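Novice: Spelled out from the first residue to the last, the chains are:
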Amino acid sequence: MGAGHSHALYVHEHSFIHRLPPEAKVVAAVGLVVSSAVTPREAIWAFAAYGVILGLLVAISRVPLRFLAVRLLALTPFVMFALLIPVIASGQTVTIGGVELSIEGLWGAWNILIKALIGGTVSILLAATTEIPEIIRGLGVLRVPALFVSIATFMIRYLELVASELGRMRLAMTARGYDPRWITQTRPIAAAAGSLFIRSYERGERVHAAMVARGFTGLMPSLGRRTATGADWAGVGALIMVWVVIATLALSLS
Amino acid sequence: MHAPDGFLNVGTAVATGAVSAGSLGVAIRQAREQLRDRAVPLAGMMAAFIFAAQMFNFPVAAGTTGHLLGAALAAILLGPSLGALVVGIVVVVQALAFADGGLTALGYNVLNMSIIPAYGGYAAFRLFRKLLPASAGGVVGATGLAASASVVMAAMAFAIEWLFGATAPVSFDTVFLAMVGVHLLIGVGEGVISAVAVGAVIRARPDLVRGAADLDREQMANRSPVRMRSFVIGGFLVALVLASGVSQLGATDPDGLESVAAETGIGDSARDHAFGDSWFADYATAGVDDEDVSLAVAGVVGTVITFTVGAGILMAIRERRPRRSSAV
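One line per chain: the protein sequences are A and B, in this order.
The letter at position 82 of the first sequence is residue 82 when you use the working numbering, and the numbering goes up by one with no holes.
The letter at position 83 of the second sequence is residue 337 when you use the working numbering, and the numbering goes up by one with no holes.
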């Protein structure tokens, strides 16, 4: 599922959500997803409320609905599994359209579908309104270990390069008539993976040497960008509070 | 295997999240020691390599393709801790920046796609190394078998997490059979690709393969035909063991564990699951009493995975000083 999408998710816009500092957006995304995860599946009204708020956020962000829908297709394999659940699950059954479906299984499928849909929409909204290096910088502000953040920063910086190197290797192989159909024909492409490893490793060493020559001390310096202010946190906190109130209500009513 | 939000219950998400965060913490400490200040650019480049390798579609049959998971490959090339860290970073960034896998699912996604296949795959690699000759061919053979095993281990781990954190009454047996069945095929592809890739690296830059750091120059040069034979014999043995285990399971009533999903027991049992030894006790409280066989299978598989991953982590901690420097 990690196929061919190294920075395709960002939607260039100038909305309010785009301008929010990344750490606030990461906290908001995690807060929203966690409160929908703990919401009992029977509280359909709560999911409707989440849906309305999320719809507003999408509207404010000016991320096209079509884009959102296409991106949500990445959930397809799990949706297939969820749709199978009522058929293969056990327990009391109900007959709908001539098919015997498990009641518990229907609830389980609903639970997975709605939470995956909310989680997926929140994640896409985060990625569509925040450039990747910014997201990773936000992690650093949130006290994720510096080594983790620096490695992730480097990964993003060189991902496009390594991926296009891979693309060129494939192109060269295709140009020479290599079109594997069966697993027994994978030797050349797997050997290419090996040489891609060597090229990346050696490039990593060269980059490191070049950086040391320019005064690299082990971690990346921070470039004093705008970090979240009290007002940003207040807004994000209010948004999360709304969700938490809905989740708490749903929990206490169930 | 990038599971979305809400796939497993909250208790399981929290428990696996704690285990994953702790394991990544260990991995960070180990990796820092392994690479010193070279850590950042080199590990970043390696993370980009794994990310790109996951875009690598390889043919399975008749034009259908699968893609590499890469955790075992990373562990064998870079050492288990750096491998687990690098793949863990890939999984976290995929969730945050590419909307690939849910944010609340990060705990079990990191566990299943990074910690288990990297440390477990590395432990399996060391085991197969002992069984195969100390030569380049032996390393390649062990890589193939360990990479296959790592994928199957991850699939089994997912099924066991389902046992504790199911959000729908689908029995453990059904999930286990489906996950392991599909991932046996994926595992074969993973094994072949990883083995050939490591073989290619050994040919050009043997010093970069950390899993072969104990071989001297002469052993490296020995690329005897043991490779094909070990593949065939080893692959056959692995398939035999797995097939007998799986068919054993298939023979039992597939609806046996329906009460696992009885809402009450799950939340309580899920918290303890990752800490290994109290499965059976907690599990009994979930109200299962009639399906001893699948319970036993779950217990045995869980124990084996926990043991293997633990062994991998121990090996990583012990191997602080590489016997041969990989510096250039």
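The hints are simulated quantities; they were obtained by calculation from the structure and are not laboratory data.
Only a predicted model underlies this, so the values are computations on that prediction, with no experimental measurement involved.
Careful: at least some of the hints might be erroneous.
What the hints assert, rightly or not - So, partial list: chain B residues that the calculated Cβ filter (under 7 angstroms) puts toward chain A: (1) 353; (2) 357; (3) 446; (4) 555.
We put the CB at the ideal spot given by N, CA and C, even for glycine.
Novice: Going back to the hint list, which numbers does this structure go against?
Specialist: Hint check: 4 fails alone, others pass.
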